Structure formats: structure tokens, C-alpha cells
Amino acid sequence: MRLTRLQKILWAAAGVAALAYGALMVFSDRAPVSVAEAAFRPTFSLPDAEGRLRTPADFAGKHLLVFFGFTNCPDVCPTTLAEVAQVMDDLGEEAENVQPLFISVDPERDRRLGLAAFTAAFHPTILALAGDTEQTRAAAESFKIFFERQDDAAAPDGYMMSHSPALYLIGPDGDWLRQFTYGTPAADILADLQPRL
Amino acid sequence: MKRVILATLVVFAAMPALACETVRVGDIEVEHAWSRATIGADRPGVVYLSIRNTGSTDDALIGVATPIAGMPMLHETVVSDGIASMPHTMSMPVPAGQTAALAPGGFHGMLMGLTQALKKGDSFPLTLTFETAGDVTVTVEVLGMGAKEAECPNAQP
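Residue numbers (the numbering used here), protein chains in the order written: chain A, 1068 to 1264; chain B, 3 to 159.
Watch out, some of these pointers could steer you wrong.
[Stated by the list, open to error] Residues from chain B shown here face chain A by an in silico Cβ test under 7 Å; the list is partial:
| # | residue |
| --- | --- |
| 1 | 25 |
| 2 | 48 |
| 3 | 107 |
| 4 | 110 |
| 5 | 150 |
To be clear, the hints were calculated from the coordinates, so they are not data collected in a lab. For clarity, every value in this text was computed on a predicted model and none was experimentally measured. By construction, the Cβ of each residue, glycine as well, lies at the ideal position given by its N, Cα and C atoms.
Generate the whole structure from the sequences, applying the supplied hints.
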């Protein structure tokens, strides 16, 4: 049978529409996956207790366990650092491939009270970083975490810090791998970490 | 006064096993009172312990006091929408027949204005005030900074 010119145009249009629909389905199906798989590389540029500026490049090749906190924190921060210390002990020789970082969200006071002594009391491998307001804000934004100073007349110095209490795992190439929610036991962190090393 | 406090500390320090004993007042039993060592006296200390209400009426912990801190208070760590904050709390419920605890990540005693650094192996007295049962004094054992629970043979986390 012979198709009229109009019929040819209509069939062509239907074909294009079908292809477009197919492409759309494939694209829309893959889009969220590719977004989720895209490397998220949080960054920071913060001085350690001796004033040396540290960035993720300093720790290339190592897994990072990153915690944002403050040293005047009596409950959440010591509890998490105690778990991190346990993980580092239990890793044995593999511990050299893991660098725990404590990033202060209350840097001015933490530097005054002594930062390195605080983290060292939990584990000698934990490195404390405390920048100025801008550096701290930039690091928090890069990790997409929240912190806030809350005035509280009953608190030491009249304020407390609220903050995201999770522990973040960064891969050896700087990719964000996962977070351990607050309260994750050392054994669970270890079980996740060991096969990666 | 300072000498009395020191004398008290020395007495308590000599009996560290007391922290693992159960202390009773009315229907309330308190045990496993522990704290973490501090670096200096500028940062607040913490107190954790376990409370059992063996009676048939609800009670509540409404205050803490200790000679080693100028401002001891009850706080509660609250994690909401991924943010941890630590509001001051007026009381912790101790329902009839149940066990409630000051524990890491929840209710805890916060010791502000420490008169001295808390050292591992030290002990200090802490007086708890309950709404119904009244006052009871327990011995708090200071563990290392990395401690996660009381170091008693049958300790509950």
C-alpha cells in the first residue's frame, strides 16, 4: 500500500515521539542514580592546634572519620570520641590508613581551653582542627552540616552549641562515603570500615 | 569548708568500690554512678547513673548537688532532625516499677563550675533529690575520658 505524504509525516512524527519518550524514560530513570553516585567531596581548610593549615589533600590515601563538635560538650562529643578511640584501637595495624578528625564548631573557646590535649585524651591519633569563623562556616557548609550557638544563661560562658552529631566517613580519594549516626557503637563502625581498608 | 570537702573526697577516694553498690531511699534504688575525667576544671563534668523505682507510684529526679561543682544541673541530650542540642531539664521521670538512667546521649548530670579537675580513680559524693523519695547521696566514680559505661561486674550501659 502506498502512504500519502501526510501519512508519512504522521508516522515519522509518531516515531520521533516514541524515541523521545523512550529517551525520556531512560534519562529520568538514570538521572536520580547518577546524582546519587556523583562524587560528593566535602572539603575544609583549617588550622590544627599548631597553626598548620590542613586540607583533605594532606590525608590523601587515608580514610577520614570526621566529627564536628566542641570541647566544652560533656555528653555527645566525649561519647562519640570514645567510640572513635575504640575503633582506632581495634583496627590494629590498619589504623595507619585511618585519620580521625575533630573539627571544632566553637573554635575560639576551644583554642583557649586547649584543643590537642582534649582529643589526645581520647586517642593520640585524633587530630583537632579549629579555624576562624569563616573557615569553620565553610567547612560545615561543605559537609552540609549544621551548627549554631545558643545563648543559655545557665551554661558555661552563657552559651551552648547545638550541632550535627554524626560521624562522617570520607574515602581515600576524598569522596564522601557515608555517615554513622550518633550512638553507632564502635563495633558497627569497625565492621563497616575494615572491608574498605 | 574547703578542708571539709577535701577530707570528704579523700574518704570517698579510699572506697572506690562504693560506686558499684546500690543505694536506696524509699522505693528508689540508685547504682552505677560514674563520671568522666576532665582536663582541668574549666570544662563541665558529667554524671551518669541508673535509677530503679521499685514502688507502685511514679517519682522523678528533680535535682542534683555535689560539693565539687558550683552549678550542677540536669540536662538532656536531644537529637532532633539530625541536630543535637542539650537543653536544661527540670526533672527526669522515674515511673513506678521502671528503671531510668542518666546515660550517654540522654539525660545526664552536668557539673559546671568544677572546683577541681576530675581525675581517673577519684570519687565524689552526689546528692540526688527525688520528688517523692527525697534525698539520697551516692558515690560517683571517675573513670577515664574514653569510658562508655560503669565499670562494675554487672554494669548496665
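Hint check results:
{"no.": "1", "hint": "25", "in the structure": "23 Å, violated"}
{"no.": "2", "hint": "48", "in the structure": "4 Å, holds"}
{"no.": "3", "hint": "107", "in the structure": "5 Å, holds"}
{"no.": "4", "hint": "110", "in the structure": "5 Å, holds"}
{"no.": "5", "hint": "150", "in the structure": "5 Å, holds"}
Consistency note: the structure conflicts with earlier hint 1 alone.
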